[in-house]
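Residue numbers (this note's numbering), protein chains in the order written: chain X, 38 to 484; chain L, 38 to 484.
The set of hints was computed from the structure by calculation and includes no laboratory data. Backbone N, C-alpha and C fix where the C-beta goes; we use that ideal spot for every residue, glycine too. Do not rely on the hints blindly, as some may be mistaken.
Which residues of chain X face chain L? A partial, calculated answer using Cβ under 10 Å [as the list claims (entries may be wrong)]:
| id | residue |
| --- | --- |
| 1 | P100 |
| 2 | A120 |
| 3 | R245 |
| 4 | L296 |
| 5 | H298 |
| 6 | R381 |
| 7 | M398 |
| 8 | K457 |
Derived Cβ-Cβ restraints for the label pairs, each shown as a range [stated by the list, open to error]:
| id | chain 1 | residue 1 | chain 2 | residue 2 | range |
| --- | --- | --- | --- | --- | --- |
| 9 | L | F416 | X | L72 | 39 to 45 Å |
| 10 | X | P133 | L | R91 | 29 to 35 Å |
| 11 | X | T102 | L | K304 | 32 to 38 Å |
| 12 | L | G417 | X | A89 | 30 to 36 Å |
| 13 | L | D414 | X | A125 | 31 to 37 Å |
| 14 | L | G271 | X | P299 | 56 to 62 Å |
| 15 | X | A89 | L | W294 | 53 to 59 Å |
| 16 | L | F416 | X | R91 | 40 to 46 Å |
| 17 | L | Y300 | X | R91 | 36 to 42 Å |
| 18 | X | R91 | L | G271 | 38 to 44 Å |
| 19 | L | W294 | X | A101 | 45 to 51 Å |
Covered stretches of chain L, as calculated for chain X (at least 3 residues, CB under 8 Å) [unchecked claim]:
| id | region |
| --- | --- |
| 20 | 143 to 150 |
| 21 | 317 to 323 |
| 22 | 396 to 403 |
| 23 | 419 to 427 |
Number of protein chains: 2
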Amino acid sequence: MRGKRRGEDLVIGLMSGTSYDGVAAALAAIRGTGLATRAELRAFATFPFPPAVRRAIAEVSSPATGTVDRVCRANVLLGELFAEAAIAIARRAGVPLRRIALIGSHGQTIHHLPGEKRGRSTFSSKKLNVPFSRLAATLQIGEPCVIAERTGVTTVADFRPRDMAAGGQGAPLVPYVDYLLLRHRRRGRLVLNLGGIANVTHLPPACRAGDVLAFDTGPGNMLLDALVSLFTHGRRTYDRDGAMAARGTVSDPLLRWLLRHPYLRRKPPKSTGREAFGVPFAREVLLRVTGEDRLKAGLQTKAGAFGVPPLGGLTPADILATATAFTAESVADAWRRFVAPRGRVDEVVASGGGCHNRTLMRRLADAFAPIPVLTSDEFGTPVDAKEALAFAILARETLAGRPGNLPSATGAARPVVLGKIVPGRKPAARREQRRLGQQRTKGTQGT
Amino acid sequence: MRGKRRGEDLVIGLMSGTSYDGVAAALAAIRGTGLATRAELRAFATFPFPPAVRRAIAEVSSPATGTVDRVCRANVLLGELFAEAAIAIARRAGVPLRRIALIGSHGQTIHHLPGEKRGRSTFSSKKLNVPFSRLAATLQIGEPCVIAERTGVTTVADFRPRDMAAGGQGAPLVPYVDYLLLRHRRRGRLVLNLGGIANVTHLPPACRAGDVLAFDTGPGNMLLDALVSLFTHGRRTYDRDGAMAARGTVSDPLLRWLLRHPYLRRKPPKSTGREAFGVPFAREVLLRVTGEDRLKAGLQTKAGAFGVPPLGGLTPADILATATAFTAESVADAWRRFVAPRGRVDEVVASGGGCHNRTLMRRLADAFAPIPVLTSDEFGTPVDAKEALAFAILARETLAGRPGNLPSATGAARPVVLGKIVPGRKPAARREQRRLGQQRTKGTQGT
Numbered sequence: 038m039r040g041k042r043r044g045e046d047l048v049i050g051l052m053s054g055t056s057y058d059g060v061a062a063a064l065a066a067i068r069g070t071g072l073a074t075r076a077e078l079r080a081f082a083t084f085p086f087p088p089a090v091r092r093a094i095a096e097v098s099s100p101a102t103g104t105v106d107r108v109c110r111a112n113v114l115l116g117e118l119f120a121e122a123a124i125a126i127a128r129r130a131g132v133p134l135r136r137i138a139l140i141g142s143h144g145q146t147i148h149h150l151p152g153e154k155r156g157r158s159t160f161s162s163k164k165l166n167v168p169f170s171r172l173a174a175t176l177q178i179g180e181p182c183v184i185a186e187r188t189g190v191t192t193v194a195d196f197r198p199r200d201m202a203a204g205g206q207g208a209p210l211v212p213y214v215d216y217l218l219l220r221h222r223r224r225g226r227l228v229l230n231l232g233g234i235a236n237v238t239h240l241p242p243a244c245r246a247g248d249v250l251a252f253d254t255g256p257g258n259m260l261l262d263a264l265v266s267l268f269t270h271g272r273r274t275y276d277r278d279g280a281m282a283a284r285g286t287v288s289d290p291l292l293r294w295l296l297r298h299p300y301l302r303r304k305p306p307k308s309t310g311r312e313a314f315g316v317p318f319a320r321e322v323l324l325r326v327t328g329e330d331r332l333k334a335g336l337q338t339k340a341g342a343f344g345v346p347p348l349g350g351l352t353p354a355d356i357l358a359t360a361t362a363f364t365a366e367s368v369a370d371a372w373r374r375f376v377a378p379r380g381r382v383d384e385v386v387a388s389g390g391g392c393h394n395r396t397l398m399r400r401l402a403d404a405f406a407p408i409p410v411l412t413s414d415e416f417g418t419p420v421d422a423k424e425a426l427a428f429a430i431l432a433r434e435t436l437a438g439r440p441g442n443l444p445s446a447t448g449a450a451r452p453v454v455l456g457k458i459v460p461g462r463k464p465a466a467r468r469e470q471r472r473l474g475q476q477r478t479k480g481t482q483g484t
Numbered sequence: 038m039r040g041k042r043r044g045e046d047l048v049i050g051l052m053s054g055t056s057y058d059g060v061a062a063a064l065a066a067i068r069g070t071g072l073a074t075r076a077e078l079r080a081f082a083t084f085p086f087p088p089a090v091r092r093a094i095a096e097v098s099s100p101a102t103g104t105v106d107r108v109c110r111a112n113v114l115l116g117e118l119f120a121e122a123a124i125a126i127a128r129r130a131g132v133p134l135r136r137i138a139l140i141g142s143h144g145q146t147i148h149h150l151p152g153e154k155r156g157r158s159t160f161s162s163k164k165l166n167v168p169f170s171r172l173a174a175t176l177q178i179g180e181p182c183v184i185a186e187r188t189g190v191t192t193v194a195d196f197r198p199r200d201m202a203a204g205g206q207g208a209p210l211v212p213y214v215d216y217l218l219l220r221h222r223r224r225g226r227l228v229l230n231l232g233g234i235a236n237v238t239h240l241p242p243a244c245r246a247g248d249v250l251a252f253d254t255g256p257g258n259m260l261l262d263a264l265v266s267l268f269t270h271g272r273r274t275y276d277r278d279g280a281m282a283a284r285g286t287v288s289d290p291l292l293r294w295l296l297r298h299p300y301l302r303r304k305p306p307k308s309t310g311r312e313a314f315g316v317p318f319a320r321e322v323l324l325r326v327t328g329e330d331r332l333k334a335g336l337q338t339k340a341g342a343f344g345v346p347p348l349g350g351l352t353p354a355d356i357l358a359t360a361t362a363f364t365a366e367s368v369a370d371a372w373r374r375f376v377a378p379r380g381r382v383d384e385v386v387a388s389g390g391g392c393h394n395r396t397l398m399r400r401l402a403d404a405f406a407p408i409p410v411l412t413s414d415e416f417g418t419p420v421d422a423k424e425a426l427a428f429a430i431l432a433r434e435t436l437a438g439r440p441g442n443l444p445s446a447t448g449a450a451r452p453v454v455l456g457k458i459v460p461g462r463k464p465a466a467r468r469e470q471r472r473l474g475q476q477r478t479k480g481t482q483g484t
């Protein structure tokens with residue numbers, strides 16, 4: 038491992054996105070705070086969740102099966118898995134845990150209810166008629182006390198609720214880090230993250246924090262993953278390299294229908310999630326192509342390229358090609374509708390798992406041409422590492438007492454310090470403990 | 038308001054117990070840390086939950102109705118109510134919020150699964166066959182980010198998960214504060230808290246931290262409250278002053294049956310909750326007295342002192358008298374069985390809502406005679422304020438980097454710093470954060 042410079046902290050960032058494939062862990066050397074932040078990635082890996090854990094996450098995320106006892110245990114279970122990922126990435130980087138200054142853990146979002154109202158909440162228990170319906174709320178699990186206890190490292194987690202308490206949507210949060218690391222004096226950049234959900238950050242040339250626009254554009258990999266999973270009866274979970282979609286032909290009527298999705302027209306700031314673009318939406322798409330009976334029959338048949346025969350004249354490959362085109366087009370639509378009128382975009386900088394989907398990336402390149410669609414690799418951060426790295430940086434901002442949200446992105450009333458700090462097991466803390474032991478006798482005699 | 042001395046912090050403690058009547062809020066001036074801690078209560082009040090909130094808490098606490106979306110929103114709802122309580126108690130004390138150094142919020146426990154295994158967890162994802170069944174877990178809600186945002190005050194919350202991560206039961210935590218404030222050089226004390234659940238802390242004369250034994254003895258007010266609620270069809274929620282029980286006669290056969298409850302024989306450290314002694318147990322008691330048909334019929338009749346006619350020869354008052362005797366006797370049984378063999382008890386110091394139940398207190402006085410049963414009032418802390426004050430003190434220990442659990446009480450493998458720190462909006466809080474960051478950095482640089 039390379040040496041550690043003065044004023045530099047080794048920080049681990051942990052993230053599991055809406056696709057809940059596993060824990061993405063990044064270990065970075067970070068210097069400075071705010072606009073002076075410099076981050077250098079030292080190690081990165083994704084530690085896949087065992088299938089039982091994926092099932093458990095799906096289970097606790099749904100109101101039908103996500104009961105309080107399961108949520109309670111899943112929180113600890115994921116805390117253990119996040120801790121294992123932190124320990125493993127430090128080992129890979131050859132760094133002893135005691136040299137890690139900090140862990141930033143996003144956790145696993147199992148519910149996100151951003152609410153309709155914006156700005157400062159007007160909640161009052163005096164007016165408590167319908168207690169729940171007006172409250173924006175979000176729930177990330179992966180108990181940070183478990184992470185801090187297993188690693189001994191101070192851990193910052195639960196970044197979203199504070200922004201919501203300040204009237205924001207609690208998302209997106211990565212744009213602040215985009216602003217710190219990717220703003221440019223002369224170039225306008227559109228930073229695109231293709232996770233389960235796709236989101237964009239617009240950094241106009243020489244922008245200030247208030248100039249940054251960021252919002253979720255719609256599905257990233259979520260719709261594609263759900264379709265592949267339905268077509269293959271769960272044997273595959275994603276369209277590797279976009280190969281399946283590449284074999285299909287885009288259906289213009291289906292694409293036009295998809296592009297009528299009301300989320301696309303909603304003005305930013307806006308955020309969305311599995312509730313809108315997950316499996317139920319994939320089923321809705323298939324229902325659009327065929328009738329319900331046909332759909333059921335199709336999904337029970339094992340024939341055909343993806344386990345189902347052509348639906349309503351379209352093959353599964355066609356449907357996937359169309360959904361891929363929709364995903365790319367929903368990003369481009371957001372750019373044309375909300376970004377282009379406010380400022381220049383000289384390049385698109387993409388990251389996230391969707392960058393591995395060649396069909397999606399080709400579609401994006403076509404939609405944005407002649408604006409080049411680059412990836413974060415070209416800026417030193419592997420596409421899969423970006424979000425984990427972002428939460429390492431956000432954790433460090435929190436410990437420095439610095440706000441980590443961009444009100445222009447989340448809709449919050451003001452910048453706020455994000456997250457909760459769970460103390461590690463510092464030498465200082467251990468000295469305190471020993472001192473407590475010694476004081477016991479003295480203190481007791483004094484009483 | 039009295040002046041603030043040098044080195045003294047004004048701290049608010051917030052607590053809602055297993056009875057979830059409302060938020061108990063204590064404002065105290067605290068000096069020193071660890072055994073040098075001195076606390077002076079400045080204001081105290083309980084802010085009752087509106088009935089809709091009580092229903093919401095009951096709903097989210099049960100696996101049958103506590104779904105992830107409700108848990109998600111209830112967390113924010115209670116955060117708002119805890120914040121309101123903090124703001125209200127500061128106003129009552131005539132202290133502007135900017136002068137409050139810290140808030141310690143216990144939150145509302147909605148699930149507590151202490152698990153059977155003790156000591157360091159042996160969890161590994163490699164052995165993940167039955168992911169949930171072996172994981173100890175606990176869930177407190179009342180989003181501290183909402184409290185910190187509404188008050189601007191740094192808030193420490195979620196005290197229990199860290200102790201569990203260290204192999205403890207996450208409870209009881211108040212014994213550490215009992216140890217700090219009530220240990221005595223020559224007297225052995227049994228500190229008794231009569232909340233929903235009753236727990237005792239044994240402080241032998243001149244004890245050290247490792248000498249403190251603490252555990253839940255069984256029901257406090259929980260069984261009595263559940264019975265009154267069943268008898269009155271929810272019109273009353275507790276036996277005010279123990280008046281109903283005072284009118285009944287204890288049934289020896291029923292008392293003997295109750296005292297056979299297996300929890301009483303379990304060796305400490307042990308903790309229990311609503312799962313064991315709540316409404317389902319109250320129903321079991323009534324089933325013991327009569328048959329199911331009779332019980333149903335009885336509960337549908339509005340006749341009789343408490344809405345039901347005599348059951349199996351016993352009146353509701355008799356059953357309540359017996360349950361009150363059982364509650365007192367389960368405490369005395371714990372003392373005889375587990376405390377007396379290890380050391381002297383010269384006085385009992387009781388606190389919690391149960392102290393208002395005169396029948397219960399008389400039963401306790403009889404059971405412990407000639408050992409006097411005093412209340413915390415006699416030590417300067419009103420019986421209802423004690424737990425809220427304890428979490429103010431625990432929060433301050435956390436901010437000072439000091440462990441707040443007693444392994445002898447919780448069964449944890451070691452003392453750990455409890456809770457999560459949510460930064461407020463004050464320069465002082467920022468200083469603490471920087472200190473936390475610097476300590477870690479120093480430790481890291483020295484390595």
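Structure-based check of each hint:
| no. | hint | verdict |
| --- | --- | --- |
| 1 | P100 | holds (4 Å) |
| 2 | A120 | holds (9 Å) |
| 3 | R245 | violated (22 Å) |
| 4 | L296 | violated (29 Å) |
| 5 | H298 | violated (23 Å) |
| 6 | R381 | violated (36 Å) |
| 7 | M398 | violated (33 Å) |
| 8 | K457 | holds (4 Å) |
| 9 | L:F416 with X:L72: 39 to 45 Å | violated (54 Å) |
| 10 | X:P133 with L:R91: 29 to 35 Å | violated (50 Å) |
| 11 | X:T102 with L:K304: 32 to 38 Å | holds (36 Å) |
| 12 | L:G417 with X:A89: 30 to 36 Å | violated (53 Å) |
| 13 | L:D414 with X:A125: 31 to 37 Å | violated (54 Å) |
| 14 | L:G271 with X:P299: 56 to 62 Å | violated (44 Å) |
| 15 | X:A89 with L:W294: 53 to 59 Å | violated (42 Å) |
| 16 | L:F416 with X:R91: 40 to 46 Å | violated (53 Å) |
| 17 | L:Y300 with X:R91: 36 to 42 Å | holds (37 Å) |
| 18 | X:R91 with L:G271: 38 to 44 Å | holds (42 Å) |
| 19 | L:W294 with X:A101: 45 to 51 Å | violated (40 Å) |
| 20 | 143 to 150 | holds (count 3) |
| 21 | 317 to 323 | violated (count 0) |
| 22 | 396 to 403 | violated (count 0) |
| 23 | 419 to 427 | violated (count 0) |
When held up to the earlier numbered hints, the structure conflicts with 3, 4, 5, 6, 7, 9, 10, 12, 13, 14, 15, 16, 19, 21, 22 and 23 and fits the remainder.
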